[in-house]
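K.L.:
Taken in sequence, the protein lines are chains A and B.
1 is the number of the first residue of the first sequence in my numbering; add one for each residue after it.
1 is the number of the first residue of the second sequence in my numbering; add one for each residue after it.
Hints listed in this document are in silico derivations from the structure and should not be mistaken for laboratory results.
Hints are not guaranteed to be accurate.
The list that follows gives simulated cross-link-like pairs (lysine-lysine, DSS-like), each with its CA atoms no further than 25 Å apart [claimed, not checked]:
| no. | chain 1 | residue 1 | chain 2 | residue 2 |
| --- | --- | --- | --- | --- |
| 1 | A | Lys119 | B | Lys328 |
| 2 | B | Lys279 | B | Lys159 |
| 3 | A | Lys275 | A | Lys318 |
| 4 | B | Lys156 | A | Lys119 |
Below, each chain spelled out in residue letters.
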Amino acid sequence: MPAEVITQEAGVRQLSYAEAIREGLGQAMEADPRVFLFGEDVGVYGGAFGVSGDLLRRFGPERVIDTPISELGLAGAAVGAALTGMRPVLEIQFSDFVTLAMEQIVNQAAKIRFMFGGKASVPMVVRLPGGSGTGAAAQHSQSLEAWFAHVPGLKVLQPSTPHDAKGLLLAAIDDPNPVLIFEHKLLYKTKGPVPAEAYREPIGKAVVRRSGRDITIVGASIMTLRAAAAAEKLAGEGIGTEIIDLRSLRPIDFATIAQSVRKTGRLLIVYEGVKTMGIGAEIAAMIAESDVFGALVAPIARLGGADSPIPYNPSLEKASVPQEDDILAAARRLMHKRKR
Amino acid sequence: MQIPAADSATAAAVREKPALQRGELSALDDATLRAALRRMHLIRKFEEVAEQSYMRGLVHGTMHLSIGQEASAVGSTLHLRPDDYILSTHRGHGHCIAKGADPARMLAEFFGKETGYCRGRGGSMHIADLTTGNLGANGIVAGGLPIAVGVGMSIKAQKQSRVCMVFFGDGAANEGAFHESLNMAAIWKLPVVFLCENNKYGMSMDIANAMAVANVADRASAYGTRGITVDGNDLPAVAAAAKIAIDQARQGDGPTLLECKTYRLRGHSKSDRNLYRTKDEIEAWRQRDPIRRLQDELVAQQRIEARELAAIEQGAQHEIEEALEFAKSSADPDPAQLTRDVYAG
Numbered sequence: 001m002p003a004e005v006i007t008q009e010a011g012v013r014q015l016s017y018a019e020a021i022r023e024g025l026g027q028a029m030e031a032d033p034r035v036f037l038f039g040e041d042v043g044v045y046g047g048a049f050g051v052s053g054d055l056l057r058r059f060g061p062e063r064v065i066d067t068p069i070s071e072l073g074l075a076g077a078a079v080g081a082a083l084t085g086m087r088p089v090l091e092i093q094f095s096d097f098v099t100l101a102m103e104q105i106v107n108q109a110a111k112i113r114f115m116f117g118g119k120a121s122v123p124m125v126v127r128l129p130g131g132s133g134t135g136a137a138a139q140h141s142q143s144l145e146a147w148f149a150h151v152p153g154l155k156v157l158q159p160s161t162p163h164d165a166k167g168l169l170l171a172a173i174d175d176p177n178p179v180l181i182f183e184h185k186l187l188y189k190t191k192g193p194v195p196a197e198a199y200r201e202p203i204g205k206a207v208v209r210r211s212g213r214d215i216t217i218v219g220a221s222i223m224t225l226r227a228a229a230a231a232e233k234l235a236g237e238g239i240g241t242e243i244i245d246l247r248s249l250r251p252i253d254f255a256t257i258a259q260s261v262r263k264t265g266r267l268l269i270v271y272e273g274v275k276t277m278g279i280g281a282e283i284a285a286m287i288a289e290s291d292v293f294g295a296l297v298a299p300i301a302r303l304g305g306a307d308s309p310i311p312y313n314p315s316l317e318k319a320s321v322p323q324e325d326d327i328l329a330a331a332r333r334l335m336h337k338r339k340r
Numbered sequence: 001m002q003i004p005a006a007d008s009a010t011a012a013a014v015r016e017k018p019a020l021q022r023g024e025l026s027a028l029d030d031a032t033l034r035a036a037l038r039r040m041h042l043i044r045k046f047e048e049v050a051e052q053s054y055m056r057g058l059v060h061g062t063m064h065l066s067i068g069q070e071a072s073a074v075g076s077t078l079h080l081r082p083d084d085y086i087l088s089t090h091r092g093h094g095h096c097i098a099k100g101a102d103p104a105r106m107l108a109e110f111f112g113k114e115t116g117y118c119r120g121r122g123g124s125m126h127i128a129d130l131t132t133g134n135l136g137a138n139g140i141v142a143g144g145l146p147i148a149v150g151v152g153m154s155i156k157a158q159k160q161s162r163v164c165m166v167f168f169g170d171g172a173a174n175e176g177a178f179h180e181s182l183n184m185a186a187i188w189k190l191p192v193v194f195l196c197e198n199n200k201y202g203m204s205m206d207i208a209n210a211m212a213v214a215n216v217a218d219r220a221s222a223y224g225t226r227g228i229t230v231d232g233n234d235l236p237a238v239a240a241a242a243k244i245a246i247d248q249a250r251q252g253d254g255p256t257l258l259e260c261k262t263y264r265l266r267g268h269s270k271s272d273r274n275l276y277r278t279k280d281e282i283e284a285w286r287q288r289d290p291i292r293r294l295q296d297e298l299v300a301q302q303r304i305e306a307r308e309l310a311a312i313e314q315g316a317q318h319e320i321e322e323a324l325e326f327a328k329s330s331a332d333p334d335p336a337q338l339t340r341d342v343y344a345g
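Sequences and hints are given; from them, build the entire structure.
P.N.:
Here it is as structure tokens:
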């Protein structure tokens, strides 16, 4: 595994997103004997995307457990272990495979506390590498986070930086509820500053990545990186972009969105999941139902995934989810619109 | 006491010297047998009251009765310790009572009351009592099996000497979760007892048409683990088989697939019109009623006085009547508290 990199100029330790997650897992396991990692190829192989790396060597096969290919069984095993005093972290190798585990996550993990009248809790974490851009086609590239954001009882996170990937993971492991973390496969190698100590980022709190007065772009995960690149170009055109990184879809931090939209009067929501019936619709409706609606100077715009499975051909694949240029174009269009 | 034809030989023996007791029966002391009989009666009375309450319109929703399956619930749990775990099914009232739940709080849950085990949020299909190791009934067929794997992992990781028994029906044996769970429990030698209550039908589907092997337990060999099939209406036989499975699980010898062949005398749920089975079949199984069978054998073997049987049954009846009053008189939950327990913390 690549060692940590110290940037010369800043003197701040830089880790990749994958390394940050691994460091968080290791710290959680060092601090709490109840924490264990399990999933397909997380041990000897080091994880399909190299996230678990050397954790097997460090913690042994009782705490870093290679499993059969049994997603439904694994999700249920996480429920059972969580119910009886453990803090399981399950890796679903590709987030697409969570379709095989829906029953245990949606019917069991999410509902047990409620169904039992508040007497039980299910403190489990499921890590799900998701998203497109790797040429893996329709069954290995989806963005299914909105499905789970529809389920009361679950928490759904989408970190965009190495810093948040570690801080949100540690918060998720502490959380007494089932938490799903959608990690973007294209982000695993991206680097950023990561504090060495074990720290937590609050679940359900968005962050403003960039301040601007003209337009608000709301997104999460890799979409905030693409929005940031677009915002640089927009700045050259005299357009001030405010970027809100949701980080958490459930619970969602509506207050931070509302505060920004009240200032800019323009809202563009960008997400990789299929646009129809997606996250953008929910956020748009929340704005429309609130008194912030009156502050809008242009209609709300959504950029989401195409109404299509993710295709194999690279140009088709790019065309199926919002890219930097799409965000740029959408922002420009929005700047020229006026609400009548 | 009515003696079924099949048992007339033992009935005759009552008046004379009892025949040699079979090992499964002699293994159980008198106090254990009385307690088991009382629990079987409690389950039967609970479900009869539940059924009557439904018929009278006192409760809504649905329920799944296990009348006729009491030996399986009580026999399999007889050798579990108080801190052992169980996971149950949609037809789970019996398992719940067998593991020690309070019928009053169960009935209150059935009535949707705040005093119920789940404060009226769960109902008949989701009763859980963590204080007795009962991790909950389950509305999803085979829903409990993967959870049992995790409980087994948890017990092992915490180096406890507990056992987890997970109940499921014959229908669940055809779910993928069954296969995944047995495999994982076997490769990791988890302290889990997979307790299949084969009551012949998955709703209306005859297991003979749903499975190409004769017994669910035959499938154990596919996972490299033990499979045992037992007469699920024979309490001492169920208890003896379950003891083997429980002891081996506790000793670290891994899971057992234990199949109790039994029969539900009532329909699948309240919508059942019994279109898939005959009255003769139901009557034949009624003759093998597990409560009556145990009572007859205990009397025949002079393990209990006939007049004591009535006292045990009346005691159970009295407890359920009190439970019904508790359920009826309890308060409904407050709608303002609807979302209180969606999240912890």
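K.L.:
It remains to establish, for every hint, whether it holds in the given structure.
P.N.:
Status of each hint after checking the structure:
1. A:Lys119 with B:Lys328: holds (23 Å)
2. B:Lys279 with B:Lys159: violated (51 Å)
3. A:Lys275 with A:Lys318: holds (15 Å)
4. B:Lys156 with A:Lys119: It holds: about 23 Å lies between the C-alpha atoms, which stays within 25 Å.
Checked against the numbered hints listed earlier, the structure breaks hint 2 alone; every other hint is satisfied.
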